[in-house]
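K.L.:
For reference, the chains in residue letters:
There are 2 protein chains.
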Amino acid sequence: MILDKVNTPDDLKQLSSDELNTLADEMRDVIIKKVNTTGGHFGPNLGIIEATIAMHYVFNSPVDKIVFDVSHQCYPHKILTGRKEGFLNPEKYLTYTGYTAPEESPHDLFKVGHTSTSLSLACGVAKARDLRDEKYNVIALIGDGSLTGGEALEGLNNAAVLGSNLIIIVNDNNMSIAENQGGIYANLSLLRDTNGKAENNFFTTMGFEYHYINDGNNIEKVIETLEKVKDTDHPVVVHLRTVKGHGCAVAEANKEAFHWILPGTLDDKCNYSPANEIEDYNSITTKFILDKAAKDKNVIVINPATPGVHGFTPEFRAKLGKQYVDTGIAEEHAVAFSSALASQGAKPILAIMTSFVQRTYDQLSQDLALNNSPLTMLVYWGGLSGADATHLGSFDMSLISNIPNIVYLAPTNKEEYLAMLEWSLEQTEHPVAIRVPFGPLEVSGISDTTDYSNINKYKVLEKGEKVAILGLGNFAGKAKEVKEALKSRLGINATLINPVYISGIDKELLENLKTDHELVITLEDGILSGGFGEKVASFYGPSGIKVINFGGEKEFTDRVPLEVLYERYHLTTDLIVRDVETALQTSVK
Amino acid sequence: MILDKVNTPDDLKQLSSDELNTLADEMRDVIIKKVNTTGGHFGPNLGIIEATIAMHYVFNSPVDKIVFDVSHQCYPHKILTGRKEGFLNPEKYLTYTGYTAPEESPHDLFKVGHTSTSLSLACGVAKARDLRDEKYNVIALIGDGSLTGGEALEGLNNAAVLGSNLIIIVNDNNMSIAENQGGIYANLSLLRDTNGKAENNFFTTMGFEYHYINDGNNIEKVIETLEKVKDTDHPVVVHLRTVKGHGCAVAEANKEAFHWILPGTLDDKCNYSPANEIEDYNSITTKFILDKAAKDKNVIVINPATPGVHGFTPEFRAKLGKQYVDTGIAEEHAVAFSSALASQGAKPILAIMTSFVQRTYDQLSQDLALNNSPLTMLVYWGGLSGADATHLGSFDMSLISNIPNIVYLAPTNKEEYLAMLEWSLEQTEHPVAIRVPFGPLEVSGISDTTDYSNINKYKVLEKGEKVAILGLGNFAGKAKEVKEALKSRLGINATLINPVYISGIDKELLENLKTDHELVITLEDGILSGGFGEKVASFYGPSGIKVINFGGEKEFTDRVPLEVLYERYHLTTDLIVRDVETALQTSVK
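If you read the sequences in order, they're chains A and B.
Following the numbering used here, the numbering of the first sequence begins with 1 at its first residue and continues without gaps.
Following the numbering used here, the numbering of the second sequence begins with 1001 at its first residue and continues without gaps.
Take the hints with a grain of salt, since some may be wrong.
Claimed, not checked - Okay, derived cross-link-like pairs now, BS3-like style, lysine-lysine, Cα gap no bigger than 25 Å in a straight line: (1) A:Lys135 with B:Lys1322; (2) A:Lys228 with A:Lys13; (3) B:Lys1135 with A:Lys297.
It is worth saying that the hints were derived from the structure and are not from the lab.
This structure is a prediction, so every number in the text was calculated from the model and none was measured.
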């Protein structure tokens, strides 16, 4: 294999054109096999193999600095920069993260996993170079899908006036995760259709020198253009047309489904579209929405470019028609847009991932909460997890619940969730966020008739004494287990409470607990810092009631298994009971 | 006066062209007098008088919906929509807010004060209309300065594909608060120079129909174009060239200084540039920076378009030269850019207002904290205040201090602040944010030799017993007053502590306090929710130590005087002492 000879980017520079092409084929086989085994980003990596080879052939990394956007297209880069064993050796398949990671290699500049950051980061790298009068190339590689994020557009506007070397490679595969959205894509399309020759050019309007490569999967062509722009003394855009999933027919034909794949997807090619037979929180949500939308034309779903996460299949989107808006990667716009819809009497449902709701704090605060628009926001994948550091779902409660006016709800089962959805959509008083339960569907079998307009009214599930357990959202089941363990191990008949509201305190209930409880424990599936439990602790601060907050620490964990985190944070039933025992013993003293 | 006859936009439609022009002159006089009396946004309002008259002449507000960006240019609109007495009658000068406010009038759609939101909001208004198959015009008025914010660019990209009526008026006065920054402005400039005829057009690249009005301060010309685009069935951009400060020579000549003015500014025209003779936190910061930057070319200041807030005068900026970057209104870019600078060995100082740091949570989390770049971020104007609801400085602690890795410092005086600045700039381990004290300069006279790399190490200022007072940042003085009052009124010799670190708990110190204290109180200048004190309460939760957290409630207050807020939140020395007394009495029971 040619790949045997390639351990660093320098080794590439010794290869002939034929060898480079053979290398690309070898890398494609390696990536297909690896990703089909472990799961991971598929289409983006297959599309960028040739361009990555060309980049490393022309530039001199790590002296020249390559900044990846999202970095879900960095597998070829990792293979070429000393980490090929993570793709060749099945035993090492999990050695490297799926994103750029400076701790792995000096060829990786930043730890990234959110989109639209590369242009600003590359500007900073270039400016640091300029301050010291050093000379090297700074290259940003950004996909067309990432280009519509506000951070990318702010970066592009600033990059244009940097006044020194910066090479922005726009990897245009005419796809975001799903279809692209917005006016910029009309221009990218025009540029593709005119072989880059159209007079009206989004990039040149901003002042960039512009180059177009029609066959971005042709190594020679890419090298030819990159050689031209190398060592430029001003900002340049290289518009690279590539094919997402290049070289794998089924991925080329089904770009959305093959953006990210589960292990074994290729082994069962006919069945790649996610089977939606098992009822889960996604399926009950989409069913609810379709029913509602059919009856009420004011119902509208908004999603910033992550339909797959929510089970918003192409069929679902088609059924909703003009009652579905994909904003593209544009979370800020999505929130402000949805807030305005709500303010005008529409009934918007904004579906967004926890990790990406982080991109829109000020819009939640100013456009939404300050205007008190009755938006329904569904927050998906909230909770502690073994995810990459870039995609943790543990920060949303501290982010959302400290903004005034927003009612943030934590349902614990199907019936409660659907009742909250129904209530939220029909009320007009509050911006409402619902933390969609993360995990298998819990069915209580009892229809929920709670009036959720009694804001901050907690539910007492079982009245006991001495110890009260507040089990929030995903941790309702854990709370029940703890109650049972307290009974069996310590003989305590604890009170079990479902707090329902992440964003507020039921002062009356908490006050009443004082009469026959000495300890209140809170369980929340996220970081404690700024979250739910601390508010309960603060409430009881001046009193004699003790409080223990159980939840995650304020830290970025990186692919740490959940079991390990649960041990670390004392979130197993056993450790919780032990902490309760210790606190009660101290009380007696 | 013509203005006497105008109480609603309908009244305008009866006026002749001459009368409209006279009306503009009258409104200009009224606004100049009012703003020179109360202070407020000056240049933006003078520049938009004619266009506002034209908008209300052509469109039918509030059936047609006008969405203002930032809305610091809404004074003429307020005058024409039933609120002229707030500008004519000095006794009513403070009746209306300086921003659009739906509670004041149906002609105001949203409560806004942050930039770059109008396009997304207008898209939502238009889409709600389309869902119901209604017909009316939706107009967004956005300044060129606001156009570079990520939210605006996301909105523009989505607006282009709305597929129905939307009229975006770009008020191009060739100024942000200070100079404009970025590539988009090169195109706006080209369009102005070519009377809107240049082939290469930023707006048409995105698919917008485009109209140019060269004299945007000419009512007839603006009416002529708006009549053309009225009732359009697709998105349109009207590029309107206006003069900031139009009709007031000194404001036209000094656009930056006259963006917002203090009361009486016009009465002393020669002296409009802010005198910087008195030493304050701004002046010691700029002096520190100039000294540092002269010695070290890696030092660089980044600011997203608010130089005046920080005392970054044109002279200061000129002295720094390439060591100063104004990113324009682009807070997300500013954070990512600064983080990358820090990661590459530069020493960036990012200056930003509390209210606008809200625009960049995800960049603080992902681009900065996750990468642990040693940025120094100076956060200005943090604290409870009588400000407009849109410009509160009370949310930053809950926003910043719950993100892992960021060290958020709260200096209490000049010496401490400068020592923190020095430490932060020279260390390479942590992203550091410093909450620049808000208020008059406190000088201790004792040079600060603290090693701030002992993260979360609090300072015990005076050791006492029974009660410990943790007075954070701006509230250090208040903590001292409380200590004295506890002594004189209750005979308690309390321990006085400066926590220094907003973002963490000194567990060792707090543990030690248990031995001879029964109550710990925390004082913080911001909302309690998600803030500092709750973490202390959570720490002591399982113990017998009582805690009272003093700080603001989670709410948007709108021009509520600080004295009122202090009473409401029990933040006067008297109320604090009383709460302490109550808690101690309960202890005895």
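K.L.:
Hints first: check each against the structure and report whether it holds.
P.N.:
For each hint, the structure was consulted:
1. As the CA atoms of A:Lys135 and B:Lys1322 are separated by approximately 16 Å, the hinted pair is consistent with the 25 Å bound.
2. Restraint check: the Cα-Cα separation between A:Lys228 and A:Lys13 comes to about 17 Å, which is no more than 25 Å; the hinted pair holds.
3. Using a Cα cut-off of 25 Å, the hinted pair B:Lys1135 and A:Lys297 holds, with the two alpha carbons roughly 16 Å apart.
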